[in-house]
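Protein chains in written order, with my numbering: chain D, 1 to 252; chain L, 1 to 252; chain R, 1 to 310; chain C, 1 to 310.
In case anyone wonders, no lab produced these hints; they're calculated from the structure. Keep in mind that the hints are not guaranteed to be accurate.
Below, computed lysine-lysine pairings styled on DSS-like, alpha-carbon distance capped at 27 Å [claimed, not checked]: (1) Lys75(D) x Lys286(C); (2) Lys75(L) x Lys50(R); (3) Lys286(C) x Lys75(L); (4) Lys211(R) x Lys75(D); (5) Lys211(C) x Lys2(D); (6) Lys211(C) x Lys177(R); (7) Lys50(C) x Lys248(D); (8) Lys71(L) x Lys211(C); (9) Lys248(L) x Lys75(D); (10) Lys177(C) x Lys211(R); (11) Lys286(R) x Lys71(D); (12) Lys211(C) x Lys193(D); (13) Lys152(D) x Lys22(D); (14) Lys177(R) x Lys193(L); (15) Lys211(R) x Lys248(L).
No experiment lies behind these values; they were computed from the predicted model shown.
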Amino acid sequence: MKLTDASIVHQTLVAQEVYELKVSAPDLADAAEAGQFLHIQTGQFGQPLLRRPISIADIDRVEGTLTCLYKVVGKGTAVLAGRQENESLNILGPLGNGFPINQIERGSHVILIGGGVGIPPLYFLAKELVEKGIQCSAYLGFRSAEDVFYDKEFEEFCDVHIATEDGSYGHKGYVTDIVSTEGVVTYYACGPKPMLTKVKHQLPIQGFLSLEERMGCGVGACLACVCPTNTEQQYAKVCSDGPVFPSKEVIL
Amino acid sequence: MKLTDASIVHQTLVAQEVYELKVSAPDLADAAEAGQFLHIQTGQFGQPLLRRPISIADIDRVEGTLTCLYKVVGKGTAVLAGRQENESLNILGPLGNGFPINQIERGSHVILIGGGVGIPPLYFLAKELVEKGIQCSAYLGFRSAEDVFYDKEFEEFCDVHIATEDGSYGHKGYVTDIVSTEGVVTYYACGPKPMLTKVKHQLPIQGFLSLEERMGCGVGACLACVCPTNTEQQYAKVCSDGPVFPSKEVIL
Amino acid sequence: MNTTIELPGMSMKTPILPASGCYGFGQEYSQFYDLDLLGAITVKAVTAEKRLGNQVPRIAETESGMLNAIGLQNPGVDHVIEHELEALTSNNIPVLVNIAGNAPEDYVETSRKIASSGKASALELNISCPNVKSGGIQFGSDPDIAYDLTKAVKAVSDIPLYVKLSPNVTDIVAMAKAVEAAGADGLSMINTMVGMQIDVTTGQLVLANGKGGLSGPAIKPVAIRMIYDVAQEVSIPIIGMGGVQTVDDVIEFMMAGASAVAVGTANFQNPMICPELIQALPVRLKELGFENMQDVIGRSFASCGQPLSL
Amino acid sequence: MNTTIELPGMSMKTPILPASGCYGFGQEYSQFYDLDLLGAITVKAVTAEKRLGNQVPRIAETESGMLNAIGLQNPGVDHVIEHELEALTSNNIPVLVNIAGNAPEDYVETSRKIASSGKASALELNISCPNVKSGGIQFGSDPDIAYDLTKAVKAVSDIPLYVKLSPNVTDIVAMAKAVEAAGADGLSMINTMVGMQIDVTTGQLVLANGKGGLSGPAIKPVAIRMIYDVAQEVSIPIIGMGGVQTVDDVIEFMMAGASAVAVGTANFQNPMICPELIQALPVRLKELGFENMQDVIGRSFASCGQPLSL
Ligand SMILES: Cc1cc2nc3c(=O)[nH]c(=O)nc-3n(C[C@H](O)[C@H](O)[C@H](O)COP(=O)(O)OP(=O)(O)OC[C@H]3O[C@@H](n4cnc5c(N)ncnc54)[C@H](O)[C@@H]3O)c2cc1C
Ligand SMILES: Cc1cc2nc3c(=O)[nH]c(=O)nc-3n(C[C@H](O)[C@H](O)[C@H](O)COP(=O)(O)OP(=O)(O)OC[C@H]3O[C@@H](n4cnc5c(N)ncnc54)[C@H](O)[C@@H]3O)c2cc1C
Ligand SMILES: Cc1cc2nc3c(=O)[nH]c(=O)nc-3n(C[C@H](O)[C@H](O)[C@H](O)COP(=O)(O)O)c2cc1C
Ligand SMILES: Cc1cc2nc3c(=O)[nH]c(=O)nc-3n(C[C@H](O)[C@H](O)[C@H](O)COP(=O)(O)O)c2cc1C
Ligand code: FES
Ligand code: FES
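Modelling step: build the complete structure from the supplied sequences, incorporating the hints.
Right under this line is the structure:
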């Protein structure tokens, strides 16, 4: 975990209001793992005040680059979308704990369940799983056809099932409606809280949930980002204890 | 007076921390006069909060451009110096009343007295005076040799006398020490308050002073920018009654 | 969408108006747009006698805010009535006249003159001035003093009275209730917060007056909190202000409990801000799913049948 | 330049320290730099019993500021002493322990335990909590209640006591004088200002707790004003805070009258801010023409023989 002035390699619009941001930061690329996130100073001159947490969607350790995918939803992401190529971007990271995959045996089958901008961290995870010889299926949910991104990219590594709320692309409905856990050893899920709640309570198996919460420090010092847990401590910090938690530990 | 999104044509460093900023804004160029100023939103996303008043140093009505010269002294000017070519710059202007020159007869001799970043508005004034067949001499004061700018540009229109406080270029001392009013019908002065005070009290003739004051609105509504006067009103607003005042009206 | 709002003395076609002191007497901004677009106009503070105000520097910039210490510069009530208010009679908008003073008699005299001039729709009592008779305590920080002042002004004025509350108090609700009890017809809140800036290169206070009033986006969270608290405890309407910049800010103030929203400092950044907000408001309200602007007022605490959005 | 400063209970090699609640118990930031670089450390508020704090969302961003309503989450005084303060004993910096509670007994018990643990250099009494025994009035808004609390805590503690003042009061000087009279050894000021944010898309308050404390650059002018006013009326030292971001901010607080300066919210933006400011301070002071850091404290009101710069 350190502060880096990364350089923006490019920003591209990949779906409605969703940008792909690639930055060059070799040290960060070396250190980062699937499921970790970056705490980004989106603007210049310290504006806006707080950093914004964005997941790492892809890492190219040879090139020394990292890729994020983010949706413009408010001030910070709007400011970020306005930043230009070659500008420097101040990043604190990599933060948090990634998806645990060492316990998964070669040849087993896992599923990835992502909703909207919860999908990005699953992409690098898919790559890593496949590289380890683990089979994966991705269930990706979006609001509508124009929100869909990275479906093709995922297809290179796994079989992809898409659901849209309005049915304009793939299955109509929520992604949790189409998930199948047959023959699956675990799942990795990231998305809005209602989706994660359904995943936790509806699926017959245990897995890993990546949570989102508003963050101040991003490093565990301010206690802004807690979530209740079943552990002795009764709560965990999403930034430093998470963002990934075993599904049975968090109370949703 | 209106709001314009001008486009930055270029920014060049012309002396220590002094930038030449050229913007494209044909309507503004058409409307502006020597001695008026622009109220510039230096940053993006409304930061910093207040606009910064900067004089118009030159106008090219054919090209539709205006030029300003400003020194980086604090946050707003630092932000402005970081703005890039082709970016849009929000400008309120032209504001205030320029230097009155219609009363000056062809062939007469006037002097321009400028200190530091008070010099810029005198440049376009010099051009206009010369075009009207009025002879002018410029007395320009700087702190030191590395602060000197636009001496060559002024030389194209008038004879130029330079003073630096440390004597590293031209005469050593204040510009007010070297001014000669022999045969001169009036003067136009712009610079720091101590300089203007000396000009008003030491010179045997009357002239015009362009004042600086901290500004809020720039249009006469907030009463931030007043200066005491000898008039019935007892005070004037630098932004809308000035910035140029007859030397006998203002109390310095 | 119907954006009209009826306030005591002021029939406004939009809830948006400029805040006192940031808009002169309107003539400057009339160069940019027709003042009749506004819901109303609030003019600069008027005092019994002409005042020259403070020395310069009178303003300083802060992070997302500014300090001002103008010092009530104004040509005095008689001149204001004869010239400034007279000029505004050619417009078709309510005129809210901000009144200041250092002794109760100042307020009373100025209010009486303004009210009887027939050129004002309502008075806005700026009680953030130090009360010279009570040893400099601000009229706006002691509920009893504010009560007495409000009563005294009500007694001489037949037009509605808004009292403009200072945020520099422990208990803003007590202040609001006191002036309501004294007969105020409405509240304006908030005025500026007392602040200061020091120039580290000289060690001197930046403002000639030393202290100044903090305004702008920096104070918005405090304004929202105070309006939210007060709106639930009084039954007179509130004109909200403090850092409004965007149409969502306007709506946030209304949801907190303001019936109208004034724009101060933002005029300096964008002289077109008022008409821009006025145009944007109905559009944005519709986008948020509102059919009736009245439903927005106090939305954050008023119980609402169904959630606004999912 | 010698930047050491001697405060009651705290021999600091630099006047810069982190502010309570923004720095946990220091372990997180020790991943970035050696905590021994700091002038001291202020730890998160400790209460008698373990507290889980408020629901999320606990923070909201505002213009140049943020609101927080963490709700005093902490593992309780016994756990803090045994684990958190114990861990800090391996460092060579003074430890200022922030104490909170809702009843005088809570404060007293927690203070007694911390003081007698021998692991704290001084106590910082966070009196911005509502006093459940006095119907929810904050300890920090009534001078008499603050006086009593300070007295009670002093009686059970043999280490110096700093009282942390709330800015949400009409008369901060009265509060400062009251706690000084009760025996406080120093003041910390300012705590956060009460604010609120409403999500216009839902009409709901953003923070689960409704209200929150405003911190960050937005409040700096108010902090400077309050410290300036208080420093001239008390003779105990002040730890200043509220929006510090730059080395010039540190100097501005000192010129206003602070003897040490705490950094809160800025740690979130830049985890290296404390060491950066610590390094920059002597350099900048020299640049401004100071030979002695002590000369800076109270510079804005202390009469100074000659102007700092021309
Ligand atoms: C660990 C983690 C990883 C994330 N990864 C991604 C990603 O890969 N792609 C992506 O598009 N988004 C991601 N998010 C969500 C992203 O952080 C928010 O969309 C973003 O902070 C919104 O900022 P804003 O200024 O545009 O919105 P505003 O609503 O203006 O933000 C206001 C405040 O709320 C916070 N906030 C608002 N929404 C969220 C949210 N959903 N989660 C946390 N804080 C929020 C902001 O950080 C800011 O402090 C992630 C969040 C977390 C916690
Ligand atoms: C009519 C007019 C014309 C001007 N023309 C020029 C010019 O052509 N070139 C140039 O370099 N400068 C000019 N100035 C001065 C210029 O406005 C200031 O240098 C600039 O505002 C400083 O902003 P800052 O944020 O960098 O400094 P900061 O010190 O950070 O500014 C803080 C606040 O003080 C105000 N302020 C600081 N110094 C001045 C000043 N000297 N005059 C007015 N306000 C000030 C700022 O506008 C801002 O509101 C002019 C000023 C006026 C009033
Ligand atoms: C330059 C300036 C002058 C002001 N003058 C007055 C005044 O004369 N009377 C008054 O009641 N309020 C005055 N105010 C306060 C504003 O009306 C308003 O309450 C405050 O600025 C908060 O709103 P804002 O953040 O939108 O500016 C003044 C504010 C500014 C910035
Ligand atoms: C997230 C957060 C938590 C805080 N927790 C505490 C606390 O536990 N006790 C306390 O006295 N102050 C607390 N504060 C207030 C700070 O110590 C400080 O007084 C205030 O934030 C102003 O400084 P700043 O603007 O530098 O943050 C907290 C502030 C923040 C932002
Ligand atoms: S964001 Fe500060 S503890 Fe998680
Ligand atoms: S800057 Fe507002 S009156 Fe001149």
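Each hint tested on the structure:
1. Between Lys75(D) and Lys286(C) the CA atoms are separated by roughly 39 Å; this puts the pair beyond 27 Å, and the hint is violated.
2. Our distance criterion of 27 Å between C-alpha atoms is broken by Lys75(L) and Lys50(R), whose separation comes to about 36 Å.
3. With a CA separation close to 21 Å, the supplied pair Lys286(C) and Lys75(L) stays within the 27 Å bound.
4. About 32 Å separates the Cα atoms of Lys211(R) and Lys75(D), which puts this hinted pair outside 27 Å; it is violated.
5. Distance restraint check for Lys211(C) and Lys2(D): the Cα-Cα separation of roughly 33 Å exceeds the 27 Å cut-off, and the hinted pair is therefore not satisfied.
6. For a cut-off of 27 Å, the pair hint linking Lys211(C) to Lys177(R) stands: about 21 Å separates their Cα positions.
7. Taken as a hint, the Lys50(C) and Lys248(D) pair is honoured in the structure, with Cα atoms around 24 Å apart against an allowance of 27 Å.
8. Only pairs whose Cα atoms come within 27 Å are accepted, and Lys71(L) paired with Lys211(C) is rejected, the gap being roughly 43 Å.
9. Taking the CA atoms of Lys248(L) and Lys75(D), the gap is near 51 Å; set against the 27 Å cutoff, the hint is violated.
10. The hinted pair formed by Lys177(C) and Lys211(R) meets the criterion: a straight-line CA distance of about 21 Å does not exceed 27 Å.
11. A threshold of 27 Å between alpha carbons decides the hint, and for Lys286(R) with Lys71(D) the separation of about 24 Å falls inside it, so the pair holds.
12. Distance check on the hinted pair: Lys211(C) and Lys193(D) sit about 24 Å apart at the alpha-carbon level, within 27 Å; holds.
13. Taken as a hint, the Lys152(D) and Lys22(D) pair is honoured in the structure, with Cα atoms around 18 Å apart against an allowance of 27 Å.
14. Of the supplied pair hints, the one linking Lys177(R) and Lys193(L) is violated, its CA atoms being roughly 49 Å apart against a limit of 27 Å.
15. Straight-line distance between C-alpha atoms of Lys211(R) and Lys248(L) comes to about 32 Å, which puts the hinted pair past the 27 Å bound.
The structure fails to meet hints 1, 2, 4, 5, 8, 9, 14, 15 from the earlier list, while all remaining hints are met.
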